[in-house]
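Let the hints inform the model, and build the full structure from the sequences given.
2 protein chains.
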Amino acid sequence: MPHRRSAFFISDRTGITAESLGNTLLTQFDTLEFKRETIPFVDTVEKAQEVAARIMNSADSDQHRPLVFSSIVNPEVRAAIKVDGALCIDFFEAFIGQIEGELVQRASLTVGRAHGMINEEKYDSRIEAVNFSLTHDDGVKLKDLDEADVILVGVSRSGKTPTCLYLALQYGIRAANYPLTPEDLDSPTLPKMLLPFRHKLFGLTIDPVRLHNIRTERRPDSKYASMDNCRFEVNEAESMFRQHGVAFISTTHKSIEEIATNILHKANLKRRF
Amino acid sequence: MPHRRSAFFISDRTGITAESLGNTLLTQFDTLEFKRETIPFVDTVEKAQEVAARIMNSADSDQHRPLVFSSIVNPEVRAAIKVDGALCIDFFEAFIGQIEGELVQRASLTVGRAHGMINEEKYDSRIEAVNFSLTHDDGVKLKDLDEADVILVGVSRSGKTPTCLYLALQYGIRAANYPLTPEDLDSPTLPKMLLPFRHKLFGLTIDPVRLHNIRTERRPDSKYASMDNCRFEVNEAESMFRQHGVAFISTTHKSIEEIATNILHKANLKRRF
Chain Z
14 MPHRRSAFFI SDRTGITAES LGNTLLTQFD TLEFKRETIP FVDTVEKAQE VAARIMNSAD
74 SDQHRPLVFS SIVNPEVRAA IKVDGALCID FFEAFIGQIE GELVQRASLT VGRAHGMINE
134 EKYDSRIEAV NFSLTHDDGV KLKDLDEADV ILVGVSRSGK TPTCLYLALQ YGIRAANYPL
194 TPEDLDSPTL PKMLLPFRHK LFGLTIDPVR LHNIRTERRP DSKYASMDNC RFEVNEAESM
254 FRQHGVAFIS TTHKSIEEIA TNILHKANLK RRF
Chain X
14 MPHRRSAFFI SDRTGITAES LGNTLLTQFD TLEFKRETIP FVDTVEKAQE VAARIMNSAD
74 SDQHRPLVFS SIVNPEVRAA IKVDGALCID FFEAFIGQIE GELVQRASLT VGRAHGMINE
134 EKYDSRIEAV NFSLTHDDGV KLKDLDEADV ILVGVSRSGK TPTCLYLALQ YGIRAANYPL
194 TPEDLDSPTL PKMLLPFRHK LFGLTIDPVR LHNIRTERRP DSKYASMDNC RFEVNEAESM
254 FRQHGVAFIS TTHKSIEEIA TNILHKANLK RRF
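Here the protein sequences line up with chains Z and X, keeping their order. Every number in our numbering is 13 more than the matching position in the first sequence, counting from 1. Every number in our numbering is 13 more than the matching position in the second sequence, counting from 1.
Hints are supplied without guarantee of correctness; some may be wrong.
Note that the list lumps identical chains together, so a pair holds whenever it fits in one copy or between two copies.
Restricting the straight-line Cα-Cα distance to at most 35 Å, the calculated cross-link-like pairs of lysine-lysine (DSBU-like) are [what the hints assert, rightly or not]:
id: 1; residue 1: K236; residue 2: K135
id: 2; residue 1: K135; residue 2: K60
id: 3; residue 1: K205; residue 2: K279
id: 4; residue 1: K283; residue 2: K60
id: 5; residue 1: K279; residue 2: K95
id: 6; residue 1: K213; residue 2: K60
id: 7; residue 1: K95; residue 2: K60
id: 8; residue 1: K279; residue 2: K135
id: 9; residue 1: K213; residue 2: K279
id: 10; residue 1: K279; residue 2: K236
id: 11; residue 1: K236; residue 2: K213
id: 12; residue 1: K48; residue 2: K213
id: 13; residue 1: K95; residue 2: K236
id: 14; residue 1: K236; residue 2: K205
id: 15; residue 1: K283; residue 2: K135
id: 16; residue 1: K205; residue 2: K283
id: 17; residue 1: K213; residue 2: K135
These are computed hints drawn from the structure, not numbers from a lab.
Right under this line is the structure:
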């Protein structure tokens with residue numbers, strides 16, 4: 014029988030934090046297989062008791078102790094999901110005492126404040142940033158690029174659009190993007206409409222083989238997707254970045270979070286929240 | 014002098030996990046003010062030593078011990094940022110021993126695997142989901158709605174677009190959206206083109222006052238933004254949801270994460286990764 018355990022990520026809010034730290038820890042044991050389940054919005058003792066029953070059921074059917082990663086502010090709710098037959102780690106409980114000691118102040122124990130709090134200002138600035146990205150996607154509207162915090166430049170399918178959206182959602186950053194077309198790449202000069210915004214440009218590049226694969230999915234056997242053309246476009250784009258001192262990174266081996274965070278820090282962008 | 018401390022979020026990868034748990038803890042002390050700084054990609058002892066120097070500088074200038082929240086896999090790098098003059102909490106170190114004990118296996122200590130790992134499949138399915146959302150935003154293309162995992166329905170500015178994008182980026186879910194127009198709302202029946210997809214619909218509603226405020230920002234003094242019209246549209250939309258058994262939630266007091274996570278669980282959607 015393979016060693017297959019259940020891993021639960023439990024939270025009084027969305028569960029995104031518990032899941033993200035829990036997964037960081039679990040990926041250190043990559044020879045093992047885990048059945049992962051996230052249970053969000055566990056904010057009453059009753060719900061917690063139901064969850065505890067599910068954990069115990071898993072323990073029975075797996076024949077292994079489940080791992081339970083939780084982040085729960087209320088001590089009674091937290092206590093109710095702790096079962097003897099599982100390894101239970103609560104990320105909130107583990108540190109809150111230490112921080113209370115350091116700050117010489119008690120935690121307010123307010124749920125909601127902790128994770129997804131009601132914050133209209135933040136909501137609005139995210140929405141604005143998302144709308145900004147959407148209306149400035151693929152260079153559709155360039156006339157008000159002066160409102161952009163950053164303008165991502167790169168060949169088609171180098172990762173510009175999802176990165177812009179992630180920057181908007183995660184950091185409230187207004188990111189526009191400009192796709193370098195084959196015509197743009199025929200000359201080493203920057204596309205004319207970008208010249209006034211040179212200081213806001215950030216380049217994305219990508220391994221030509223990976224680009225070829227991505228483009229082939231979309232338009233098999235096209236010139237657009239051909240290995241030769243991908244190599245040409247990437248080379249020209251990189252020369253253009255170098256020649257004009259445009260900072261750039263490769264997206265090839267990076268997740269969208271990593272691309273976005275790299276740009277945030279390398280371009281020294283100011284978060285909106 | 015106000016009690017103003019520095020809080021550092023430090024990681025060998027993006028810092029998103031360290032920041033998110035660190036902030037969850039800090040928001041429990043909402044009468045205090047923190048100067049927050051995230052330092053990502055600290056993956057060598059040299060970089061860690063620079064960071065340690067910055068922490069000590071803050072301690073000097075603040076006249077208070079900084080709080081340092083880190084998530085660093087490599088023990089030497091981790092050790093190098095620990096300074097005596099700060100409260101240092103490493104989220105990785107705190108739990109990895111306990112989990113090793115439970116699993117009777119050593120952690121592989123591989124950085125990169127932990128947070129933003131190289132995973133082309135995941136990357137591709139996110140991009141596909143984002144592209145799907147973009148081409149099905151605001152009901153632009155309805156002919157292939159059968160590929161959608163979920164179709165969000167609601168009045169204009171109820172939060173559909175950012176929620177679709179978040180579902181795509183965070184969970185790889187293909188979310189389309191359909192805006193209920195005033196014409197749709199004149200009759201209590203579902204818009205005709207949605208009928209075949211009734212089982213995939215999920216409604217968003219919003220407090221009319223909040224909707225009025227949001228719409229006024231965009232089109233002040235319009236019929237579209239008027240309090241009467243907002244109240245009418247929201248009422249009609251909610252009746253339509255109720256009459257046709259479409260599950261719905263209010264976006265009024267929720268963050269985008271909360272809206273998306275609620276839908277994921279209430280509609281029982283299957284994540285793509």
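Hints and how they fare:
no. : hint          : verdict
1   : K236 <-> K135 : between (44 Å within a copy, 27 Å between copies)
2   : K135 <-> K60  : both (30 Å within a copy, 32 Å between copies)
3   : K205 <-> K279 : within (24 Å within a copy, 49 Å between copies)
4   : K283 <-> K60  : between (40 Å within a copy, 22 Å between copies)
5   : K279 <-> K95  : between (43 Å within a copy, 25 Å between copies)
6   : K213 <-> K60  : between (49 Å within a copy, 27 Å between copies)
7   : K95 <-> K60   : within (13 Å within a copy, 39 Å between copies)
8   : K279 <-> K135 : both (24 Å within a copy, 25 Å between copies)
9   : K213 <-> K279 : within (12 Å within a copy, 42 Å between copies)
10  : K279 <-> K236 : within (34 Å within a copy, 45 Å between copies)
11  : K236 <-> K213 : within (31 Å within a copy, 38 Å between copies)
12  : K48 <-> K213  : between (44 Å within a copy, 26 Å between copies)
13  : K95 <-> K236  : neither (59 Å within a copy, 54 Å between copies)
14  : K236 <-> K205 : within (26 Å within a copy, 41 Å between copies)
15  : K283 <-> K135 : both (14 Å within a copy, 28 Å between copies)
16  : K205 <-> K283 : within (27 Å within a copy, 45 Å between copies)
17  : K213 <-> K135 : both (24 Å within a copy, 29 Å between copies)
Consistency note: the structure conflicts with earlier hint 13 alone.
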